[in-house]
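Chains as they are written, first to last, in numbering that gives the first Met the number 0: chain D, 0 to 286; chain Z, 0 to 281.
Treat the hints as calculated values from the structure; they're not laboratory data. In this text the structure is predicted, and so the values were computed from the model without any measurement. Where a beta carbon is used, it is the ideal one built from N, C-alpha and C, also for glycine. Do not rely on the hints blindly, as some may be mistaken.
Unchecked claim - Covered stretches of chain Z, going by a simulated chain D footprint (3 or more residues, C-beta under 8 Å):
(1) 108-118
(2) 205-211
(3) 237-245
As the list claims (entries may be wrong) - Calculated cross-link-like contacts (lysine-lysine; reagent style BS3-like; alpha-carbon spacing at most 30 Å):
(4) Z:Lys-177 to D:Lys-3
(5) D:Lys-95 to D:Lys-199
(6) Z:Lys-272 to D:Lys-95
(7) Z:Lys-96 to D:Lys-199
(8) Z:Lys-94 to D:Lys-3
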Amino acid sequence: MNYKAIRARDAAMRGIFLFCAIFAIFALGCITVFLFAEGLPFISRVGLTNFFGTRWHLSSASYGILSMIVASLYVTALSCAIGVTIGVLTALSLFKFCPRRLVATIRQLINLLAGIPSVIYGLFGITIIVPFLRDYISPVGIGYGILAASLVLAVMILPTVVSISLDALNAVPKNYYEGALALGATSEQGVFKVVLPAAKSGIFAAVVLAMGRAIGETMAVIMVIGGSPVMPRSVFQSVRTMTANIAMGATELSGDAATALVATGVVLFVFTLILNVSISLLRGASQ
Amino acid sequence: MIRNLHRREILMHRSLSIVAQAALILTLIALASVVVFVLIRGLPYMSVQLLFGDYGRYPSLKPALLGTLYLVLISLSIAAPIGIGSAIFLTEYTKSKSRLVRVIRVATETLAGIPSIVYGIFGYLVFVVALGLRYSLLGGGITLSIMILPVIVRSVEESLLAVPNALREGSFALGASKVRTIFAVILPCAASGIVTSLILAMGRVISESAVLILTIGMVVNKMPQNLYSPGTSLALDVYYFGSHGYPDEAAATGVVLLLLVVSINIIATWLGKVLGKEMANG
Numbered sequence: 000m001n002y003k004a005i006r007a008r009d010a011a012m013r014g015i016f017l018f019c020a021i022f023a024i025f026a027l028g029c030i031t032v033f034l035f036a037e038g039l040p041f042i043s044r045v046g047l048t049n050f051f052g053t054r055w056h057l058s059s060a061s062y063g064i065l066s067m068i069v070a071s072l073y074v075t076a077l078s079c080a081i082g083v084t085i086g087v088l089t090a091l092s093l094f095k096f097c098p099r100r101l102v103a104t105i106r107q108l109i110n111l112l113a114g115i116p117s118v119i120y121g122l123f124g125i126t127i128i129v130p131f132l133r134d135y136i137s138p139v140g141i142g143y144g145i146l147a148a149s150l151v152l153a154v155m156i157l158p159t160v161v162s163i164s165l166d167a168l169n170a171v172p173k174n175y176y177e178g179a180l181a182l183g184a185t186s187e188q189g190v191f192k193v194v195l196p197a198a199k200s201g202i203f204a205a206v207v208l209a210m211g212r213a214i215g216e217t218m219a220v221i222m223v224i225g226g227s228p229v230m231p232r233s234v235f236q237s238v239r240t241m242t243a244n245i246a247m248g249a250t251e252l253s254g255d256a257a258t259a260l261v262a263t264g265v266v267l268f269v270f271t272l273i274l275n276v277s278i279s280l281l282r283g284a285s286q
Numbered sequence: 000m001i002r003n004l005h006r007r008e009i010l011m012h013r014s015l016s017i018v019a020q021a022a023l024i025l026t027l028i029a030l031a032s033v034v035v036f037v038l039i040r041g042l043p044y045m046s047v048q049l050l051f052g053d054y055g056r057y058p059s060l061k062p063a064l065l066g067t068l069y070l071v072l073i074s075l076s077i078a079a080p081i082g083i084g085s086a087i088f089l090t091e092y093t094k095s096k097s098r099l100v101r102v103i104r105v106a107t108e109t110l111a112g113i114p115s116i117v118y119g120i121f122g123y124l125v126f127v128v129a130l131g132l133r134y135s136l137l138g139g140g141i142t143l144s145i146m147i148l149p150v151i152v153r154s155v156e157e158s159l160l161a162v163p164n165a166l167r168e169g170s171f172a173l174g175a176s177k178v179r180t181i182f183a184v185i186l187p188c189a190a191s192g193i194v195t196s197l198i199l200a201m202g203r204v205i206s207e208s209a210v211l212i213l214t215i216g217m218v219v220n221k222m223p224q225n226l227y228s229p230g231t232s233l234a235l236d237v238y239y240f241g242s243h244g245y246p247d248e249a250a251a252t253g254v255v256l257l258l259l260v261v262s263i264n265i266i267a268t269w270l271g272k273v274l275g276k277e278m279a280n281g
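Work the whole structure out from these sequences, hints included.
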């Protein structure tokens, strides 16, 4: 092959690779355009007060999703409170207080469990958590609801929280910890008062990522949430999250009701975009 | 006084470390119980009829197995070349500071953060409504390919970055062109990492169900005829059986899905290690 042909081939391949790289931008643009083009006109047609109202009653053209937004936030907050507390403590324990030999094995196990399909967590929820809550914990005898969904999600986000927090802890320079010891701190003080604060931004990133997973999770949630479109007042009450609203209606609704689901998706999309932006801001802050 | 305060603090931190150990044990128990209970609940209901029988009076997973295979093939055959190409562009052709690279990275990260149900709505709007394909495996597979794209890009990029620069320079010094360097030197060196990431992406496809509820129609009882047929997948079957009065079948399907996904992950890790070692020795 002569030189010119090689140059031409190089240029052509560069174009192909460039196209592949730009595809992500193109796909993101398409998703945004399709969702907003379908959802926003619907929201403006039914009116903001209807759409962000509390009444979801399809036969009277009431498409209020406020109760679902509240339910989504409620489930996300509760599951992250449980999952992040346990997850960060687990990461700390793996970081310092656990026999060295075990750490690699436990890490591998946790990584393996991160790959378990969410529908399996849902199955775990309906076979174990819901009956348990119904029989032993719930004052009203209902297992389905916010607490069940939050517990399932808390277990589900554990692997993510543990592995990202552990990475953040490991990224803290060793001499921080050693310096603390040299100043007379105990090993525990060194970890809790020096290493943990130094790993703060990485752990925050883990929290935000976990929130994104929790608010967007569908299958594990719809199997245990119950599904009544009412305002959450107790954790033992059948409610409906935004994701559950979309998935439950998807196979049966048509016309305006189906478009209402798309509009619910737009709201969910905006929530996750906000979380995404805060992740990149956190990353920027930590660098 | 000061000594007392100091001692109290030491005690507090020591008890916190015990709490941390308790949390570790709790985490392990919680995650193990997910696996164990699904196995205990499902294994007794595994049957030849469920796995290989035809869907008639009793449910069977045959349509789901075929549907899952279709989805894996469609989504990987789209996402693998685009994802690898994108990773090559990002690592071999650009400086990380350029504006285009930053935009591509932000777009890829944003795609990774979009919930799967939103992908499902997108797939529904494009393939079911706009293109009029109705519920189809093709639409579901293409939607999934966009969903796994960020995963592939990120992990392939990592394995390309792990290829030592000396190899690139050596290849250029021998007079090889850029394209030849990529295909003859860099890609073979990164092969183990790339294969691992494709297998992990396959695991994602098999695990996914929220996208599919809106795109492939959840037709559990008919074998898909071609790419345009509606269908189901293993993960979707777990949900369908669980919420339509077949709890035992749901548990058994859960076992099949769990074993499949876990073995895929183990194979990916093992393959990464073995191929990696071979590269290092060869």
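Cross-check of the supplied hints:
{"no.": "1", "hint": "108-118", "result": "holds (count 10)"}
{"no.": "2", "hint": "205-211", "result": "holds (count 5)"}
{"no.": "3", "hint": "237-245", "result": "holds (count 4)"}
{"no.": "4", "hint": "Z:Lys-177 to D:Lys-3", "result": "14 Å, holds"}
{"no.": "5", "hint": "D:Lys-95 to D:Lys-199", "result": "17 Å, holds"}
{"no.": "6", "hint": "Z:Lys-272 to D:Lys-95", "result": "27 Å, holds"}
{"no.": "7", "hint": "Z:Lys-96 to D:Lys-199", "result": "26 Å, holds"}
{"no.": "8", "hint": "Z:Lys-94 to D:Lys-3", "result": "26 Å, holds"}
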